[in-house]
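Visitor: What follows is the residue order along each chain.
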Amino acid sequence: MTSLPSPPRSKRSFSWQFVITLLMYSFMYIPILVLAFYSFNASRFSSTWGGFSLRWYSSLLNDSRILSALGDSLRVAICAVVISAVLGTMMAVGLAKYRFPGKGLYRGVSYLPLIIPDIAIAVATLVFLVSIGASLSLWTIIAAHIVFCLAYIAVVVSTRLTGLNPHLEEAALDLGATPFQAFLKVLLPELMPAIFSGCLLAFVLSMDDLLIASFTAGGGANTLPMEIFSRVRTGVKPDINALSVILILFSGFLAFLSEYIRFKSEQRRLRQ
Amino acid sequence: MSLTTTPSGAEPTRARSGWHPAKLIQPFVLLAPAGIWLLLLLVFPTLLILELSLIPGFRLGQPAGAYGLGNYLEIFQPVYFQVVLRSLFFAVGSTLLCLLLGFPVAYWIAIKAPRRWRNLLLVSFILPLWTSSLLRAYAWITILRPSGLLNSLLGVFGLPGQDWLNRSPAVFIGMAYSFLPYMVLILYASLERLDRRLLEAAADLGATPQQSFWKITVPQTLPGIAAGGLLVFIASLGDFVVPELLGGASSMTVSRLIYNQFLGATRNWGFGSSLSMILILAVSIAIALLLKYGDRSSAQP
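Quick note, the sequences are listed as chains A and B, same order. Residue numbers for the first sequence follow our numbering, beginning at 110 and rising by one. Residue numbers for the second sequence follow our numbering, beginning at 169 and rising by one.
Think of the hints as simulated: they come from the structure by calculation, not from any bench. Using N, Cα and C, we set each Cβ at its ideal position, and we do this for glycine too. Heads up, some of the hints might be wrong.
Claimed, not checked - Residues on chain B that point at chain A, a partial pick, calculated with CB under 7 Å: (1) I204; (2) P213; (3) L222; (4) P224; (5) V291; (6) L303; (7) W382.
What the hints assert, rightly or not - Only pairs whose alpha carbons sit at most 25 Å apart, straight line, appear in this in silico SDA-like list of lysine to any residue: (8) A:K206 / A:E299; (9) B:K280 / A:V295; (10) B:K191 / A:V341; (11) B:K280 / A:F372; (12) A:K373 / B:L459; (13) A:K294 / A:L314; (14) B:K191 / A:F136; (15) A:K294 / A:G328; (16) A:K346 / A:F127; (17) B:K191 / A:F161; (18) B:K191 / A:L358; (19) B:K191 / A:D348; (20) A:K346 / B:P391; (21) A:K346 / A:S360; (22) A:K346 / B:S418; (23) A:K346 / B:L431; (24) B:K383 / B:L431; (25) A:K206 / B:L458; (26) A:K212 / B:K280; (27) B:K191 / A:F372; (28) A:K294 / B:Y350; (29) B:K280 / B:S418; (30) A:K346 / B:V211; (31) B:K191 / A:K373; (32) A:K206 / B:L317; (33) A:K212 / B:E368; (34) A:K212 / B:D331; (35) B:K280 / B:A395; (36) B:K280 / A:Y138; (37) B:K191 / A:F127; (38) B:K460 / B:A369.
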């Protein structure tokens, strides 16, 4: 009889998990709220509240180093993502459609950028670039970013490909479409939401990368994470708080966009 | 073969599966560009640092010495071996911390929360992943430093202040904060598939919630626990940002040591390469263990 669960006990276990969940949600959001709060603080010292002010936002907009770093980051991310979208999609489609000797190895290598720690990829890329005598610039960062961007895009596209009806493309071929037409008119529209989600993910990862960019940048290029890193390692900077808020709002928008695409494509799949 | 049995349908079948030169071009066009890129900028560079790691004391601009295991032996010097052990300590610790903190969250969202809110709850929990990892670590500097938010709050309640910044507690907090969403995401996926009828049956048969948790929930979600644990372990083992920004001088890790060999003051490329190879090896071992272990746990339904 003693082993029977009593109702109050299960009720308490419910609230126990709920309390932990609530605590963890606060744990995830308090640091972001703290940054946002102090970004409006007029005082330079974040331990004291000096009244509401937008001075850190205006100083940020006049900060040419931050702005040029943002420009470099955007250039790198956009170039790397556009090239990776093409290469990654082609790779995912090729791996899904064809069987060939060494396919397991190829697939294994395509997962490596997701697995190997960034620092090791950064070191390897630097050693390689130095050994071939390449001069480090924005282009070497882009080349290095394509490696992990295409891997992530390929993974996202592969997931969509496995849930796809393979007969659609065969039907197009039987109806006389060339393989290229069938790819362009049948397969690609079906894959578009996945390609776009993969691109968003790759874009966020590219904008976030500190290590690979630091190792492959050389003297000329300076991405936003590199600039932020060189500032925050020496302590708290109020204008970085303001920058955080802007970037958080921007990534919140990207997250919303990604969820919206997922929701829409799921709805379309359910309708079919 | 099919030609003799079904003559009418044989033509297209043979055309599609045969090794016609034109059929070889398609997979080549699709797979070669990405393959060459990965080969050139990932596989070859990794082999290059493997070679470099076998040249003791290699520094840029100096003639390479003879091959040897000197770089790997250097890792076993007490100073550096301590760094390796500390990295493992941080990685294992934050994996356990994420598991401990993430399981109740994933459990509540997947099982207790109203069904139509589940997706939104999950998405809002992993939302911070979309922001810069650098800024997320930086946020904790504001909170944890001696004059920061934590100590102000502790002061209000009359509790003694904590000097956690630049010590290991700050690294654990920062890593848990960075990787908890991954853990919750993976645990949620496996808890969502949990067969609820088993829990009901156990309750009907008189099992306590604790008993059904340990006898049903945990064994059923073991693949998820292993996958989430592996992901957090790999991510925290190679993490640079959190120990660098929150750990201070006392929390030197392998990734920070590697950074110093290339961009810092030391500049010993051979030693840095051997540390990178050790890191890759550690990650590979973790994955091999998961593959072996994961296969076994999925084999028994």
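Visitor: Next step is simple, just say for each hint if it's right about the structure.
Guide: Now the hints, each set against the structure:
Given hint, I204 of chain B at the interface with chain A, is violated; its Cβ is 10 Å from that chain's nearest Cβ, farther than 7 Å. With its C-beta approaching chain A no nearer than about 4 Å, P213 of chain B sits inside the 7 Å limit, and its interface hint holds. A cut of 7 Å between beta carbons decides the hint on L222 of chain B: the least distance to chain A is about 13 Å, and the hint is violated. Below 7 Å, beta-carbon pairs count as interface contacts, and P224 of chain B has none with chain A, the closest being about 16 Å; its hint is therefore violated.
The beta carbon of V291 of chain B is positioned within 7 Å of a beta carbon in chain A (closest approach about 6 Å), and the interface hint is therefore held. Here the hint on L303 of chain B is kept, as its CB sits about 4 Å from the closest CB of chain A, short of 7 Å. Residue-level restraint check for W382 of chain B is violated (minimum Cβ-Cβ distance to chain A is 13 Å; threshold 7 Å). Distance hint between K206 of chain A and E299 of chain A is fulfilled; the C-alpha atoms sit about 15 Å from each other, no more than 25 Å.
In summary, the hint linking K280 of chain B to V295 of chain A is not supported, as the alpha carbons are separated by about 41 Å, beyond the 25 Å threshold. At roughly 55 Å between alpha-carbon atoms, K191 of chain B and V341 of chain A are farther apart than 25 Å, so this suggested pair is violated. For the proposed pair K280 of chain B and F372 of chain A, the alpha carbon gap of about 23 Å is at most 25 Å, so the pair holds. Restraint check: the Cα-Cα separation between K373 of chain A and L459 of chain B comes to about 34 Å, which exceeds 25 Å; the hinted pair is violated.
Distance hint between K294 of chain A and L314 of chain A is unfulfilled; the C-alpha atoms sit about 30 Å from each other, more than 25 Å. For the given pair, K191 of chain B sits about 55 Å from F136 of chain A by alpha-carbon distance, which is inconsistent with the 25 Å threshold. For the hint linking K294 of chain A to G328 of chain A, the alpha-carbon distance of about 45 Å lies beyond 25 Å, and the restraint is violated. Between K346 of chain A and F127 of chain A the alpha-carbon distance is near 36 Å, which puts this suggested pair outside the 25 Å criterion.
Among the hinted pairs, K191 of chain B with F161 of chain A is inconsistent with the structure: their alpha-carbon atoms are about 67 Å apart, more than 25 Å. At roughly 48 Å between alpha-carbon atoms, K191 of chain B and L358 of chain A are farther apart than 25 Å, so this suggested pair is violated. Taking the CA atoms of K191 of chain B and D348 of chain A, the gap is about 58 Å. The hint is violated against a cut of 25 Å. For the hint pairing K346 of chain A with P391 of chain B, the CA-to-CA distance comes to about 43 Å; that exceeds 25 Å, so the pair is violated.
Among the hinted pairs, K346 of chain A with S360 of chain A is consistent with the structure: their alpha-carbon atoms are about 21 Å apart, no more than 25 Å. A distance of roughly 23 Å separates the Cα atoms of K346 of chain A and S418 of chain B; the hinted pair therefore holds under the 25 Å criterion. Of the pairs offered as hints, the one joining K346 of chain A and L431 of chain B holds, with about 24 Å between alpha carbons and a cut-off of 25 Å not exceeded. Under the criterion of a C-alpha separation no larger than 25 Å, the hint pairing K383 of chain B with L431 of chain B is inconsistent with the structure, at around 51 Å.
A distance of roughly 28 Å separates the Cα atoms of K206 of chain A and L458 of chain B; the hinted pair therefore is violated under the 25 Å criterion. Among the hinted pairs, K212 of chain A with K280 of chain B is inconsistent with the structure: their alpha-carbon atoms are about 43 Å apart, more than 25 Å. For the suggested pair K191 of chain B and F372 of chain A, the alpha carbons sit about 37 Å apart, so the restraint of at most 25 Å is broken. Proximity of K294 of chain A to Y350 of chain B is assessed by CA-CA distance (about 36 Å); at most 25 Å being required, the pair is judged violated.
Pair hint K280 of chain B plus S418 of chain B does not hold up; C-alpha atoms about 42 Å apart against a cutoff of 25 Å. Among the hinted pairs, K346 of chain A with V211 of chain B is inconsistent with the structure: their alpha-carbon atoms are about 40 Å apart, more than 25 Å. Restraint check: the Cα-Cα separation between K191 of chain B and K373 of chain A comes to about 36 Å, which exceeds 25 Å; the hinted pair is violated. Annotation: proposed proximity of K206 of chain A to L317 of chain B is violated, straight-line Cα distance about 55 Å (limit 25 Å).
About 45 Å separates the Cα atoms of K212 of chain A and E368 of chain B, which puts this hinted pair outside 25 Å; it is violated. A C-alpha spacing of about 53 Å is found between K212 of chain A and D331 of chain B, which places the hinted pair above 25 Å, so the restraint is violated. Restraint check for K280 of chain B and A395 of chain B: satisfied, since their Cα atoms lie roughly 23 Å apart, inside the 25 Å limit. Straight-line distance between C-alpha atoms of K280 of chain B and Y138 of chain A comes to about 22 Å, which keeps the hinted pair within the 25 Å bound.
For the suggested pair K191 of chain B and F127 of chain A, the alpha carbons sit about 58 Å apart, so the restraint of at most 25 Å is broken. Under the criterion of a C-alpha separation no larger than 25 Å, the hint pairing K460 of chain B with A369 of chain B is inconsistent with the structure, at around 31 Å.
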